[in-house]
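Participant: Going by this note's numbering, the first residue of the sequence shown is number 1, and it counts up by one from there.
Don't take each hint at face value.
Claimed, not checked - Below, in silico cross-link-like pairs of lysine to aspartate or glutamate (EDC-like), each with a Cα-Cα straight-line distance of 16 Å or less:
1) LYS656 - ASP639
2) LYS363 - ASP334
3) LYS859 - ASP548
4) LYS38 - GLU24
5) LYS360 - ASP335
6) LYS943 - GLU1010
7) LYS537 - ASP448
8) LYS835 - GLU479
9) LYS360 - GLU328
10) LYS656 - ASP642
11) LYS656 - ASP635
12) LYS763 - GLU424
13) LYS360 - GLU332
14) LYS32 - ASP44
15) LYS670 - ASP762
16) LYS573 - ASP472
17) LYS763 - GLU418
18) LYS537 - GLU560
19) LYS36 - GLU24
20) LYS859 - ASP877
21) LYS670 - GLU821
22) LYS258 - ASP877
23) LYS988 - GLU1004
24) LYS573 - GLU516
25) LYS573 - ASP523
26) LYS537 - GLU449
These aren't lab readings, by the way, just hints derived from the structure by calculation.
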Amino acid sequence: MDAGDRGPLAKRQRRSHHKERPLELCYCARCKGQVKQKVATINDHRLRYPHPIKNLPAQPLGVDETVIVPQYLEPVRSGIIPDEQGLDQQSFRGSLEPQSPTPSGAGQARDCASPNPPLLPRILDNYRPPVPLGDPERLNDPEEGIEPGLLAAAEELERVYDFNELIDNSGNLDNNHPDYLFENALDDTDFGLPDVQEQDTGVLPRFDFAGSIEPEDPEEPEEPGCGLDDIDEPNNFCAAFREPALIRNAYIDAFVQKTLYRATHQALTHQLKASRRTISSHPDITIDHINGMAQTITTVERRLGVNTGEIITTFTLCPVCKRRYSPEYIKETDDHHCLNDECDGVLFVYHRLASGVCRKVSKLTYPYASPIPWLRHIFSLPGMSELMQTWRSGDDDHGIKPPVSNEDWMRNLNHNKELGNITEGWGWRSTMAGLQQVQDPDTRNVIDESGPDPPIRFVSLPYGISFSLNTDWFHATKEGSYSVGACYLVINNLPRHMRFLRENISLSIVMPGPNEPNEYALDQMLDPLIDDILRLKQGVRMLVRRGDPPVYEEEVVYGELTQHIADLIARIKMGEGAGVKSEANFCLYCRSHLSNLSVLEGYMRQGGMNWIVKQILVGPGMIVRREFGGPEPQDIFNDCLDHMWMPKNFQQLPPKLGQTRTSTKANQWKLTARVIFIPLYLAFRDGDTIQPILVPRGNRNSPGAKHQAYRAKLLHQQRQKYYASIGQANRCPRLEECFPSRNLQFHYRQVLRFCLATSILDKRNITPANILFATGLLETMCKDYITHNIPLSPNFHYMMHLEEFLLKTGSVYNTHVWAMEHANGVLSRINHNGKGGGVLEGTLMRGWWRHMTLQNLIKSLQALPNRTPDDTSVLNDLLTALRGGNKHAQQRGTLMAFIAQCQTEYTQQHGIEKPIRLSSQSRLINLEKAGLYKTVFEFCTAKWPNAGIFGPNVIGVHYLAPHGMVRNHSYVEFNGIRYGSHEHTSGKGYCYAYIDNRQAVRIERILAIEIPGTRFRGICVLVRLFQAPEVEPDFPWAAWSENLGVNSWVFGALGETITIDVAQLSGTFALFIVPTSGLRYWVSVELDSIGLGYRLDNEDEDV
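Starting from the given sequences, assemble the full structure and let the hints guide the process.
Facilitator: See below:
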């Protein structure tokens, strides 16, 4: 009888999948071999009720059983049996040499200098090797289990690791030998860099534009004067600008209601009708004007020139095979079937409108915005053409020049001169103009060849525009998994602080969901963008605005796609590369094999925080209780984060342990890498120091032990592949030699290395010498992890290529994805109706480009010859709509306002409108009543010594009155960073800061001083200094505190109140409380390069 005939009781009659095991005697200190327990209970008792080894009763050993070394015998020492091994373990505990379970043939860690050979655990004679693995995924099944003797055989010896020795001691990082440091730093073969030969640098012929220029054919707009290109000519306005000013302003009011206040279409239609009734009574408005007024917001947008139809092209995709069809084809054809063979996809259906007209509705669409009209728009904005030339600072940057090879650039490199912008790396001047891909007929290899002879440097062309492409996918809906892809273009010629502003980013493609496209669909959607970039590569004529008053001249603009900025998966998908599990082609930059990552050879230097926390610390159980009754390290770690002070505008804090399975943002991991070494020190230490003890591996049913076994088996498999590939399979370590290290000092030193390296690299400006030092730390970290049997993801291998690409692009801030993730955040917050089939994607695209068309409207209003007060009023409303309704300082505002208001070097670097902005609400303060008159008077006389400021009983020129001249503010924003007053509710979250580089203070008051009738205005900040300890505490990070940005202070100790000028404020920090055996300390960690998540609400209460 089959299973289907057994009836409703069949399910209950089936045998349980759990193994039925008999009860066994428990030999813990409580049961003493007299009570039978379940296996799980026995394992639990081993940890809860340990007893000394001398009192351990002997257990009977069967013929086929393996000797088990109980973990509770030596919870913090080696698991090797002294009697069996015959070794004096004490002689090794003080050694600086870490044990390397890797055989000598695989190489040693670079900081291993001891002559003593590594010691491996002795495997007992009756130990049986584990059964060969099947599917690795089955290792997650608890029923698979772990070989009983495997954890005991995998134990390691205790070793001491010096936290002051983070760099490699082999001498490869000697800063006194610059010629050696950068020798062969760039490998042409591995990285696909063009082999540029020495060129004749004599007189170059002028580059011939005419023969390669493809003229741009302007399209006829439906309504004269409403096209994007027509706005290049300042005297051509859209249709609304040919109507009376009252009607035009009514249109703008309706548009602002939609853009800024999100009014519905019905509400806007009613508003337009009401405006029509009101305007009709005006004597200057005729009946023809009234009859011609727009009555819907769609018509209003068309007449104002803010409709996105002139920019966006909507293509149709076959819902089955994803073949692309142009809107012209869909408009003309009557055949709704896909043209691909053996595809039965339906392209469109007919919908009958209320008017009786049949309309074609595509079943799947995607929007595309060409970079050519976008560049036309950019070059029509005031100051943009000049800003794209600001990088030309050297004598070699003017006129037509030959390319500079990377070898020549390296020979002339100043190792101590900072690199910041992408224009300062070797890649900027090495690109040749007119490059063409040519296939060798013999080898069939594709190579790049320069069109002009001799070659010409691309950026030396008057308008040679370098692009960066970013691609990413995100969830467009709050519920479900509707994934939408977006492609952005940015202009590298712009200064870095303006490059990633929303108004300077082109959203080129929005790829339809709900799933990510396959290779064919991706090719079909990218084809129009590739065609337009190839057209720009040959040159396109455009009107370029220069000067003030503006002068428009036709120029030839060239475009070159320089780099693709994306995360790993998006890079693989866009480049059609092999996956991260590919053995031979997992790396996009070299020919390393995936199995090489299991040995040192995978990390030879020619997103690690996530992996370190999840897979190295939490997963294997490194953050577990180390002894019975002791504190829980995870609770200590999380409690430290709970009591950490962070500026209030940091909205995404480091994740707590136990919460790392949830979605964690990139900025959270970035912040974690900056501060994790402090809570980890509190979690790992015993007393005031981290001891070289071994964390117990746990019983074989614990999650930590299963994780270790799973990772050890994967590492063993990869090492088997590696040694087999080099013909030395007999040298592969055994499985028990692949278990990870449990040494607390080792793991803390590795985390400290990572934090130090990322702190150095995560700078907007960095010297080549620091690049080399930091990447050397990462290399040593990776090699030590592999030496200690801790498998790493491919991302750690990619770190080995950081040096080359940082030298090519200047700094991480020219290639990081955080700025583009902000663009994804803006795009994902655009309102949509959630409809699929391309409707949602079209809504997102139009919402993005409406920002650009809004700039066109502002420009048209500013160009009005006789602007009225009403015109100025609606212009201010539009400027507010462009800023999103907030006047916060960081990366906001129009380009016109930005160019006019950038004043300091810092604001130019970071993209801030005004260097100083006070809270909008304040109150006058009576200085005598507050006991501050003498303090403020001394500040004024020191700030303006020749001004003749005087007070009571003093003769002078300008009188400082006790009341009416000083206002109390809750916060001040200086260079884009908010600093708050400790005495105000809304300022207390920002009250700690650095002054004069790294002197920590608490801000007590922020006073704005203005002496009427004079130019004497200033901001006085009252602060109390943190107090440095008499003896600097010996924390593990003490030797590297300068690079980590860490300072220690006496807990709770603040000096007397002093006054400083607002210009002395120099940054903010995270503040920790670190208790020791005798004292408590404040420890501050600077946050100079962490992006601020600015709050958009106004927090000016209680001033």
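Participant: If a hint holds in the structure, say so; if it doesn't, say that too.
Facilitator: Outcome of the hint check:
no.	hint	verdict
1	LYS656 - ASP639	9 Å, holds
2	LYS363 - ASP334	15 Å, holds
3	LYS859 - ASP548	14 Å, holds
4	LYS38 - GLU24	7 Å, holds
5	LYS360 - ASP335	11 Å, holds
6	LYS943 - GLU1010	13 Å, holds
7	LYS537 - ASP448	14 Å, holds
8	LYS835 - GLU479	13 Å, holds
9	LYS360 - GLU328	12 Å, holds
10	LYS656 - ASP642	9 Å, holds
11	LYS656 - ASP635	9 Å, holds
12	LYS763 - GLU424	15 Å, holds
13	LYS360 - GLU332	11 Å, holds
14	LYS32 - ASP44	14 Å, holds
15	LYS670 - ASP762	9 Å, holds
16	LYS573 - ASP472	10 Å, holds
17	LYS763 - GLU418	10 Å, holds
18	LYS537 - GLU560	6 Å, holds
19	LYS36 - GLU24	5 Å, holds
20	LYS859 - ASP877	14 Å, holds
21	LYS670 - GLU821	14 Å, holds
22	LYS258 - ASP877	12 Å, holds
23	LYS988 - GLU1004	9 Å, holds
24	LYS573 - GLU516	10 Å, holds
25	LYS573 - ASP523	11 Å, holds
26	LYS537 - GLU449	14 Å, holds
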